[in-house]
Amino acid sequence: CPTPGRGARCTSARRKYLARGGLGRDARAATGCTVPAASGTGTMSLTAAPRSVRPGKAAPPTGPPGISPVVELNVGGEFYTTTVGTLRKFPGSKLAEMFSSSAKACVDLEGRFFIDRPGTYFGLILDYLRSGQLPTQHIPEVYREAQFYEIKPLVKLLEDTPQIFGEQVARKQFLLRVPGYSENLELMVRLARAEAVAARSSGVLVCVVPTEENAAFCADALRILEADKRSVIKFGPWKAAPGVHDLLDCVKMDIMAQGYQVVYKSHNEKAFSLGLSNYFYIFLFTWW
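Be aware that the sequence shown starts at 1, since it is given in this note's numbering, and climbs by one per residue.
Fair warning: there could be bad hints in the mix.
[As the list claims (entries may be wrong)] Here are the simulated distance ranges between beta carbons:
1. K104 <-> R190: 38 to 48 Å
2. R193 <-> F217: 29 to 39 Å
3. V232 <-> F79: 44 to 54 Å
4. W288 <-> L176: 30 to 40 Å
5. W288 <-> T83: 48 to 58 Å
6. L109 <-> T286: 36 to 46 Å
7. L176 <-> H138: 24 to 34 Å
Since the hints were derived computationally from the structure, they do not count as laboratory data. Glycine included, C-beta positions come from ideal geometry on N, C-alpha and C.
Given the sequences, and given the hints that come with them, work out the whole structure.
Structure below.
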């Protein structure tokens, strides 16, 4: 269209020419566009031809398929927002494995990644992963969750806190030296429940003997109680520094941790020799 002023008419004519298929196959290929046949409305769309990828040039790195760098989490009904990098901060942890490229994602109805664990303390776990901040409250609960997610650096740091150190290193190590401690606890609960029928409370008699000498001193009393068909739970002897009341406090603590209301008091029998009440105690379970 060499003549000035005729541009509009030239453009209109060219469009009609293209719509009739006037542009040859080779010419269409040269434009880099695909021109479909005219529709009933007279409109058309241009779709860019595929571009060839230059050999030797890698695509930009991306995260695991289906996982966005920012993720919404549903942890036992509690909602959190964080990044994949935060969750995968410690590669050997179970939490990192949950968000690895090979893991099968579990999502809720809203598309949030779902973790079937108590979510109350997960925010404190995230605080540590984000900034290394240690919790100052709920230490035992966070310690339990850190163990589940296998975040070993956090587990180690929490084990150095007074709460966990005292429980794991002092108290539990002592109880490991008391023969049959766990079995005796289970037996105490079974006896208390057996005597609870139509009763507000029930008592369980225990004998606590830290040393072999204490055990010998209580032997006759134990035989008398056995002859009377009285049930007695015997703790000890053990090879550790804690004494009778230390063991009694541990028993009370562990039974109450199971949800029972229990107290203990010294017990004396008429047939007992002087001083035996220092080794015999009644644990009183209250049911209502």
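Here is how each hint holds up against the structure:
Roughly 42 Å separates the CB atoms of K104 and R190, a value that falls within the hinted 38 to 48 Å. For R193 and F217, the Cβ-Cβ distance of about 31 Å falls inside the hinted range of 29 to 39 Å, so the restraint holds. Hint check: V232 to F79, Cβ distance near 53 Å, so the stated range 44 to 54 Å holds. Between W288 and L176 the CB atoms are about 35 Å apart, so this pair conforms to the stated range of 30 to 40 Å.
W288 and T83 have their C-beta atoms about 51 Å apart, which keeps the hinted 48 to 58 Å range intact. Roughly 44 Å separates the CB atoms of L109 and T286, a value that falls within the hinted 36 to 46 Å. A beta carbon spacing of about 26 Å between L176 and H138 agrees with the range 24 to 34 Å that was offered as a hint.
Of the numbered hints stated above, none is contradicted by the structure.
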